[in-house]
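Participant: Could you slot chain B onto chain A? The hints should help.
As they're listed, the protein sequences go chains A and B.
Under the working numbering, the residues of the first sequence are numbered 1 to 61, in order.
Under the working numbering, the residues of the second sequence are numbered 1 to 297, in order.
Treat the hints as calculated values from the structure; they're not laboratory data.
Hints should not be assumed to be uniformly reliable.
Cβ-to-Cβ under 7 Å is the rule here; a few derived chain A residues that face chain B [to be verified]:
| no. | residue |
| --- | --- |
| 1 | Q18 |
| 2 | A22 |
| 3 | A23 |
| 4 | G26 |
| 5 | G30 |
| 6 | L34 |
| 7 | L44 |
| 8 | N47 |
| 9 | A48 |
| 10 | A49 |
| 11 | S52 |
| 12 | N56 |
| 13 | S57 |
| 14 | P59 |
Derived coverage of chain B by chain A (criterion: at least 3 residues anywhere in the stretch with Cβ under 8 Å from a Cβ of chain A; other residues may be distant) [as the list claims (entries may be wrong)]:
| no. | region |
| --- | --- |
| 15 | 125 to 138 |
| 16 | 150 to 159 |
| 17 | 174 to 186 |
| 18 | 190 to 196 |
| 19 | 215 to 228 |
Label-pair distances were calculated between CB atoms; the ranges are [as the list claims (entries may be wrong)]:
| no. | chain 1 | residue 1 | chain 2 | residue 2 | range |
| --- | --- | --- | --- | --- | --- |
| 20 | A | A31 | B | N220 | 29 to 35 Å |
| 21 | A | Q18 | B | N220 | 28 to 34 Å |
| 22 | A | L16 | B | A235 | 19 to 25 Å |
| 23 | A | L16 | B | S128 | 40 to 46 Å |
| 24 | A | D43 | B | K218 | 46 to 52 Å |
| 25 | A | S17 | B | A224 | 26 to 32 Å |
Given the structure is predicted, the values throughout are model-derived calculations rather than measurements.
Yeah, the Cβ is synthetic: ideal placement off N, Cα and C, and Gly gets one too.
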Amino acid sequence: MSEVKVLKQDAKPVALSQRLAAAIFGGLLGAFILLGVGFANADLVHNAAHDSRHANSFPCH
Amino acid sequence: MLQRLLLTGLLSGAVAGVILTLVHLTMVQPLIAEAEVYEEQGSAPVAGVQHAHPGGISHTHSGGNIPHLHEQNFHIHAEGQAVGTAHVHDGAKAGHTHSASVAQAAHDHGAHAHSESAWSPEDGFERSIFTLGANLLTAIAFGFLLAAGFTLYGGSVNLTRGLLWGGAGFLSFSFLPGLGLPAELPAAAAGDLLARQAWWLGTAVASCAGLAMIAFGKLNVWRAGGLLLLVIPHAIGAPHAEAGAVGASPPELAAHYIMVTLFASAVMWGILGIAAAFVYGRLAHDQAATFAEPHAT
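So here's chain A without its partners, still in its complex pose (with noise of 0.2 Å):
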């Protein structure tokens, strides 16, 4: 398997446009997840999610 690993990527550094793209779309999964589990209003989402968002803080009821 080492012999793969001579294509070393991190030996430049990756272009700033890459690393924004890559971070807006981990951001933007990240707060969707975030807004379903945490912040969704429906009652069922509410409910399994109940003591979950109590514990995290997030602002409930």
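Facilitator: Coordinates of chain B only, in the frame set by chain A:
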């Protein structure tokens, strides 16, 4: 690049979510269960209690065990959780007698904003499993946000730095929003839900941006701007419950609850930061290697 971000968030979030759930089930859940006993007592309907107030007002409540007083047509209930704890009866006059039907209609003490009839997990194992799932999703979401931060930052993140990033997450998503809106036990008195959610999210976003500006700003202007961003949400102020409204649980329980949830958050963020830094650093060396064997060296 994106793969590294996603794997960092997933793996670190999974570890932090499991440990958060252990802390949750041993320390947080017992307090929630205790509060729910008070919540049920507080909202239990006592049908048709008739009583008289000084001043000639007598009426029947559907929740007649709730203490309240009349002053002319203005009417305050000591119970804090219902919508409309303080209200005015249309057309009521001093000395006016409420008929039972008016009182029934006007005194809806339905304590909960969400409907009780909707599905919710069974107490015990099922409930714990859903809590685990929700905690995992929450931690993974935070993991993605953290990994997005690492990616933007661009440099390498060692374990100590990872812990610092986790500390910043704790401040932004737990401690600073908690200054305005501390963790609530079930049945706590609180302001409007949407206003609280908006303030909470706004504070979290402003705190992330503010801390980043303080940590990475090259000029003092940036650092000062970051400090300002940290302060602004608290200068605006969090939406609170109406004055005098109180929850069903004793304040001692609520105080204990806040400390326990802050502790759980701190543990989660510390582990998330360290684990994310570990996975992120590890993947830098393994970029070209197969991800099926992430530890292959």
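Participant: Was the hint right that A49 of chain A lines chain B, CB cutoff 7 Å?
Facilitator: 4 Å, holds
Participant: Go ahead and decide if the range 19 to 25 Å is satisfied by the Cβ distance of L16 of chain A to A235 of chain B.
Facilitator: Once the Cβ atoms are compared, 34 Å apart, the range 19 to 25 Å for A235 of chain B and L16 of chain A is violated.
Participant: Is the hinted range of 40 to 46 Å satisfied by the C-beta distance from L16 of chain A to S128 of chain B?
Facilitator: 44 Å, holds
Participant: Does the beta carbon distance between S17 of chain A and A224 of chain B stay inside 26 to 32 Å, or does it fall outside?
Facilitator: 29 Å, holds
Participant: Is the interface hint satisfied for A22 of chain A? The criterion is a beta-carbon contact with chain B at less than 7 Å.
Facilitator: 4 Å, holds
Participant: Can you tell me if the region 215 to 228 of chain B counts as covered by chain A, using C-beta to C-beta distances under 8 Å and a minimum of three residues?
Facilitator: Since 0 is below three, the answer is violated.
Participant: Taking 8 Å as the C-beta cutoff, is the stated coverage of the region 125 to 138 of chain B by chain A satisfied by three or more residues?
Facilitator: holds (count 8)
Participant: Can N47 of chain A be said to touch chain B, with a Cβ gap under 7 Å?
Facilitator: Since chain B brings a Cβ to about 4 Å from N47 of chain A, closer than 7 Å, the hint holds.
Participant: Restraint: L34 of chain A near chain B, CB-CB cut 7 Å. Satisfied or not?
Facilitator: 4 Å, holds
Participant: Count residues of the region 190 to 196 of chain B with a Cβ under 8 Å from any Cβ of chain A, then say if the count reaches three.
Facilitator: holds (count 3)
Participant: Would the hint on L44 of chain A stand, with a C-beta cut-off of 7 Å toward chain B?
Facilitator: 6 Å, holds
Participant: Against chain B, is G26 of chain A within 7 Å by beta-carbon distance?
Facilitator: With a closest approach of 4 Å, the G26 of chain A hint holds.
When each numbered hint is compared with the structure, violations occur for hints 19 and 22.
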